[in-house]
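Let the hints inform the model, and build the full structure from the sequences given.
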Amino acid sequence: MTPSLGGPGAGCSVTRVRRLLAGELRGTPRERALEHLAGCTRCQASERELHLEAEALARALPFDRFAAGVAEHLARIDGRSARPRRLPKFIPLALAAAMFLGVGIPLVAHISERPGEGGLRVKGAPSLALYAEGQGGARLLDPGEKVPDGAHLRIALGPASFTEAVVVLLDRDGATLLYAGKARAGPLPGAFEWTGARRGLVVAVFSNAPIEPSDLVARLSREGVKGAAMPKAVVLTLDLERGSAQ
Amino acid sequence: MARFLVIPGGRTEAVGPGPSTALPEGGLVEELYRRYAPAVYGRCRWLLRDEEAAKDATQEVFARALKSLPEFRGASSPTSWLMRIATHHCLNELRARRARWREEWARLAGERREEGVLPDRRELLRALLGEVGAEEQEVAVMYYADELTQVEIAEVTGRSLPTVRKRLRTFLRTARSALSAAFPDLTFPEEDLP
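For the record, the sequence lines run as chains A and B.
Count the first sequence with my numbering and you get residues 1 to 246, in order.
Count the second sequence with my numbering and you get residues 1 to 194, in order.
Derived from the structure by calculation, the hints contain no laboratory data.
A few of these clues could be false.
With the Cβ distance kept under 8 Å, some of the chain B side facing chain A (calculated, not the full set) [as the list claims (entries may be wrong)]:
1) 67
2) 71
3) 149
Only some residues are given here: those of chain A computed to face chain B with a beta carbon under 10 Å [said to hold, decoys possible]:
4) 23
5) 234
6) 241
Calculated lysine-lysine pairs in the DSS-like style (CA-CA distance at most 30 Å, straight line) [unchecked claim]:
7) A:226 with A:182
8) B:67 with B:55
9) A:182 with B:55
10) B:166 with A:182
11) B:55 with A:232
12) B:55 with A:146
13) A:226 with A:146
14) A:182 with A:232
Even glycine gets a Cβ: it sits at the ideal position worked out from N, Cα and C.
Okay, structure coming up:
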C-alpha cells in the first residue's frame, strides 16, 4: 500500500486558497485562483477546511481573548528586553499605539479585588499599560520608571473577559476621568499630559456591568483609591511618579 | 485625530474629557485576527496537538508579527510569512519536548488498528517530522502541508532551489525508512520528487 503525503498539485495549493480568503490576491492572480477554485474539488475541500479552522478559532479563542493574550505576549517580549525599547523616531505615538493594539503591560500595575492591596498579575487577568511619547518616539514605560516631564501619555488596556472599563487619573489635586466605555483591548483614544502633583495613580476599573463614571470619579475624589471598590469589578492601579529627565 | 488633554496641577475638582468612545471596529489586531488567525491556529493545533498550547502559540505568533510590523507588511505574502513563523515556533516547541515526537508513531499505530487502512496524510507527515532535522522539517511542512512549490519554498526561505530539493529528498529518504520500520506493509512510491 502506498500512502501519500500530498504536496502541491497542478494548480492546486492550499496556500493559494488561504491567500485568496485573506484578500491577498488581486487582479489576474485573484481571477485565476477563483476560476481554479470553482472547478477544483481538491481546492474546494481546502476552502471548506479553512472555514472549519475559522469556526474552530472563533469557538476556542474569540477575538477579545485573543487580543488580551497577544497583549500578554507582547508584554512578555518587552519584559525580556534588557533595556527599555524605543520605537523608531519616525513612528508617531498614534501609529505605535496602533501597532501594539491589544498590548497590556504589567508595568507596576497591581491587581486586586480590593483596591490598595497589591497582588500578582495572573494570566487571563486584565492589564493596564502606559506609553510615553518623547524625543525618541513612543515607548512603553518600564516598571518604576519616572514619567518624563512634558511627555504625552497614552493608556492601553487588556480587558481579558471584562466588557466595561473606566480609567481615572488620581493625584492630590483630584480625580480626572480618562476613559469610560466598552473595555476593548488596546490603546485608549486620546493622549494626555500630566502636569499635576509629583506622584499620582492611574486607576482602571473593569467590570461586566455598566460603571457610572461620574459616581466613580466622585468616590475616588472623596475616598482615594478605596473608592474604586465595587462588586464583581477588578481594579488595577498604576503608580505614577514624574521625573525631569526624558 | 486623537484628543489631547492637559491634566493640570492645582485643580480643585474632577475634570476630564468625558466618556470616550472605544477603539473603532476593524482595528489592526482585529483585522489580523479575521484574516490570518484561523490558518495560524490550524497550523498550531496540527503541530502541537494541544488546544491550550495552540492558543498560546497563536497569540505568540501575532505578538511577534506586531513587534515586526514593517517586516510583516513588507512580506510579499503575509500569509506565508505568518505561517512560517507559526511553523518555526511550533517545531521549536516540539523539539524542546522530544518525548512528544516519540509518542507519535505509537499513537499513529494505535489509530491504525487494522491493515488496509491508510494513516491520515497529515498525521503521517507530522510523525515523520520527528525523524528529520530542522531544515528538512520546515521544507517538508511547506511542501506537503502548505502545498508550496519548490520554487515558492526557495523564495520564501531564501534558500536556493537545489538546496530546497536536497532537503526534500533527505526528508523523503528518511520518511521511507521510518515508514517501513513502523508499518512494514506500507511504502512510499519509488518515484522521485516532481
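**Message:** Going through the numbered hints above, which ones does this structure break? Give me the numbers in ascending order.
**Reply:** 2, 5, 6, 10, 12
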